[in-house]
Amino acid sequence: MPEKKPLILIGGGGHCKSCIEVINATGDWEIKGILDPNLKKGEFVLNYPVIGSDDDIGKLIAGGNYFLVTVGQIKSTVIRKRIYDNLKLKSAKIATVISPKAIVSEYASIGSGTIIHHYCMVNADAYIGENCIINTAAIIEHDAHAGNNNHISTCAVLNGHVILGDYCFIGSGAVVSNDIKITDNVIIGAGSVIVKNIEEPGVYAGCPAKKIGK
Numbered sequence: 001m002p003e004k005k006p007l008i009l010i011g012g013g014g015h016c017k018s019c020i021e022v023i024n025a026t027g028d029w030e031i032k033g034i035l036d037p038n039l040k041k042g043e044f045v046l047n048y049p050v051i052g053s054d055d056d057i058g059k060l061i062a063g064g065n066y067f068l069v070t071v072g073q074i075k076s077t078v079i080r081k082r083i084y085d086n087l088k089l090k091s092a093k094i095a096t097v098i099s100p101k102a103i104v105s106e107y108a109s110i111g112s113g114t115i116i117h118h119y120c121m122v123n124a125d126a127y128i129g130e131n132c133i134i135n136t137a138a139i140i141e142h143d144a145h146a147g148n149n150n151h152i153s154t155c156a157v158l159n160g161h162v163i164l165g166d167y168c169f170i171g172s173g174a175v176v177s178n179d180i181k182i183t184d185n186v187i188i189g190a191g192s193v194i195v196k197n198i199e200e201p202g203v204y205a206g207c208p209a210k211k212i213g214k
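The opening residue of the sequence shown carries number 1 in the working numbering; numbering runs sequentially from there.
Read the hints as simulated data drawn from the structure, not as lab findings. Please note that a few of the clues may not be correct.
[To be verified] With a Cα cut of at most 16 Å, we get these calculated EDC-like pairs of lysine to aspartate or glutamate: (1) K211 - E199; (2) K90 - D54; (3) K4 - D28; (4) K93 - E130; (5) K32 - D56; (6) K41 - D28; (7) K93 - D56.
Note that the structure is a prediction, hence the values are computed from the model and not measured.
Let the sequences and hints guide you as you build the complete structure.
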């Protein structure tokens, strides 16, 4: 068997726990520890130790470790993006993690720092950018394009030829109809149905979805 690659997780909250389940299922990674400034060094998250904070990234890069941002993302991408950009600036090795329980086409493209959770479907010629969360049972259909720093939440669907910008959150069970274009910095509420292009940033919800906030 190939040797497992050493992996450091950044962020020790609930999303981190979901990521650990996926990471362990791959058999490709050995989790060396978790960085989180809000947790005490020596605490454990699912039996994995908190070993420091973001300030320790430099020395851990020198140790040959890979990194994955495991901070969650609902309302804002700011924290995940800041951490990810810092890793790239420091030329860190960034993991891309795909659950063996997901179905990902050999013709799909998945960016660095992205995690594909259990039971997802990513179909042919789909594109997913960097530092994205494709959460449990989400569907990214053929020819759909999801930019960088997005969270496609549980059971959400991007249908064929959808174009999703950057810094977006698609809530659980939301459905984006085929050929729809969504601009950057958009939040879609859980269970919403998107049937028209979204050209302005903001919060959208409903069936059909309408803008309800900035």
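We went through each hint and held it up to the structure:
As the CA atoms of K211 and E199 are separated by approximately 11 Å, the hinted pair is consistent with the 16 Å bound. Pair hint K90 plus D54 holds up; C-alpha atoms about 12 Å apart against a cutoff of 16 Å. A distance of roughly 5 Å separates the Cα atoms of K4 and D28; the hinted pair therefore holds under the 16 Å criterion. A distance of roughly 13 Å separates the Cα atoms of K93 and E130; the hinted pair therefore holds under the 16 Å criterion.
Only pairs whose Cα atoms come within 16 Å are accepted, and K32 paired with D56 is accepted, the gap being roughly 13 Å. Under the criterion of a C-alpha separation no larger than 16 Å, the hint pairing K41 with D28 is inconsistent with the structure, at around 26 Å. Between K93 and D56 the CA atoms are separated by roughly 15 Å; this keeps the pair inside 16 Å, and the hint holds.
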